[in-house]
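Chemist: Each chain is listed here by its residues.
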Amino acid sequence: GENVEQHPSTLSVQEGDSAVIKCTYSDSASNYFPWYKQELGKGPQLIIDIRSNVGEKKDQRIAVTLNKTAKHFSLHITETQPEDSAVYFCAASSDKLIFGTGTRLQVFP
Amino acid sequence: DSGVTQTPKHLITATGQRVTLRCSPRSGDLSVYWYQQSLDQGLQFLIQYYNGEERAKGNILERFSAQQFPDLHSELNLSSLELGDSALYFCASSVHRGTGELFFGEGSRLTVL
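These protein sequences, in sequence, are chains G and Z.
Letter by letter, the first sequence follows residues 1 to 109 in this note's numbering.
Letter by letter, the second sequence follows residues 1 to 113 in this note's numbering.
Calculated from the structure, these hints are not laboratory results.
The beta-carbon is built from N, C-alpha and C at its ideal position, and this holds for glycine as well.
It cannot be assumed that every hint is accurate.
[What the hints assert, rightly or not] Computed footprint of chain Z on chain G; a stretch qualifies when at least three of its residues, placed anywhere within it, have a C-beta under 8 Å from a C-beta of chain Z:
hint, region
1, 28-34
2, 37-49
3, 96-109
[Claimed, not checked] No farther apart than 27 Å at their CA atoms in a straight line, the calculated lysine-lysine pairs in the BS3-like style are these:
hint, chain 1, residue 1, chain 2, residue 2
4, G, Lys58, G, Lys68
5, G, Lys22, G, Lys57
6, G, Lys42, G, Lys22
7, Z, Lys57, G, Lys71
8, G, Lys42, Z, Lys9
9, G, Lys42, G, Lys68
10, G, Lys57, G, Lys42
11, G, Lys22, G, Lys68
12, G, Lys58, G, Lys71
13, Z, Lys9, G, Lys68
14, G, Lys37, Z, Lys57
15, G, Lys71, G, Lys22
16, Z, Lys9, G, Lys37
17, G, Lys71, Z, Lys9
18, G, Lys42, G, Lys58
19, G, Lys57, G, Lys37
20, G, Lys37, G, Lys71
21, G, Lys57, G, Lys71
Based on the sequences and whatever the hints tell you, model everything.
Modeler: Okay, here's the thing in structure tokens:
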């Protein structure tokens, strides 16, 4: 069945540094790749998404890259801030939206 | 506030019991999704409804069932509860039938003792 692997499971960075989270997917029919941020006690919230006809997308300090041949995609956060601390989930969708296992990002001041 | 309402927020029950979780989607959204999030686990897709019809099914146990009503609210029924069913259950809604942004509620935390 469909599977999405996500690494690392935890990531600690100093404020101002960059953070990179990587995901791979198994279903070659996947064509939509969103990233969600989940803060403590809340539901996940979409922060950026990319479709399979695009290789890279950027929104201020956040960027996502997609390599369809290798079936992997990555989230890049630059100039990290303490408020970026949260759990981040990647997901891939062809028919169903399948989530990765999450990355707990901690940004230390 | 995502606009998706889930009740109850917390629920404690015993093994073997049955519970119902309720979800009201955002106004105008026709799709409702249910996800299970266990401790330190990702979001496991359970089921999706679109405009009252089941559209996609994930790893939903036979003890679990769901439906979407004509007013578009949805209910997830969990029966013969086991300790391992303890989790956070999220409902999400979307205007899309297929891929697109999902808006999540704040979840219903189920504890089975």
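Chemist: Compare the structure with each hint and give your call.
Modeler: Status of the hints after comparison with the structure:
1. 28-34: holds (count 3)
2. 37-49: holds (count 7)
3. 96-109: holds (count 7)
4. G:Lys58 with G:Lys68: The hint holds at about 18 Å.
5. G:Lys22 with G:Lys57: Within the cut-off at roughly 15 Å; holds.
6. G:Lys42 with G:Lys22: Roughly 23 Å separates the two Cα atoms, so the pair holds.
7. Z:Lys57 with G:Lys71: holds, 23 Å
8. G:Lys42 with Z:Lys9: Answer holds: Lys42 (chain G) to Lys9 (chain Z) is near 11 Å, not above 27 Å.
9. G:Lys42 with G:Lys68: Violated - the C-alpha atoms of Lys68 (chain G) and Lys42 (chain G) are around 31 Å apart, more than 27 Å.
10. G:Lys57 with G:Lys42: holds, 26 Å
11. G:Lys22 with G:Lys68: holds, 13 Å
12. G:Lys58 with G:Lys71: Holds, at roughly 19 Å.
13. Z:Lys9 with G:Lys68: violated, 39 Å
14. G:Lys37 with Z:Lys57: It holds: about 24 Å lies between the C-alpha atoms, which stays within 27 Å.
15. G:Lys71 with G:Lys22: This hinted pair holds, its Cα atoms lying about 11 Å apart.
16. Z:Lys9 with G:Lys37: At roughly 20 Å apart (the allowed maximum being 27 Å), Lys37 (chain G) and Lys9 (chain Z) satisfy the hint.
17. G:Lys71 with Z:Lys9: Given that 27 Å is the threshold and the Cα spacing comes to 37 Å, the pair is violated.
18. G:Lys42 with G:Lys58: It holds: about 25 Å lies between the C-alpha atoms, which stays within 27 Å.
19. G:Lys57 with G:Lys37: It holds: about 17 Å lies between the C-alpha atoms, which stays within 27 Å.
20. G:Lys37 with G:Lys71: holds, 22 Å
21. G:Lys57 with G:Lys71: holds, 16 Å
The structure does not agree with the numbered hints 9, 13 and 17 stated previously, though it agrees with the rest.
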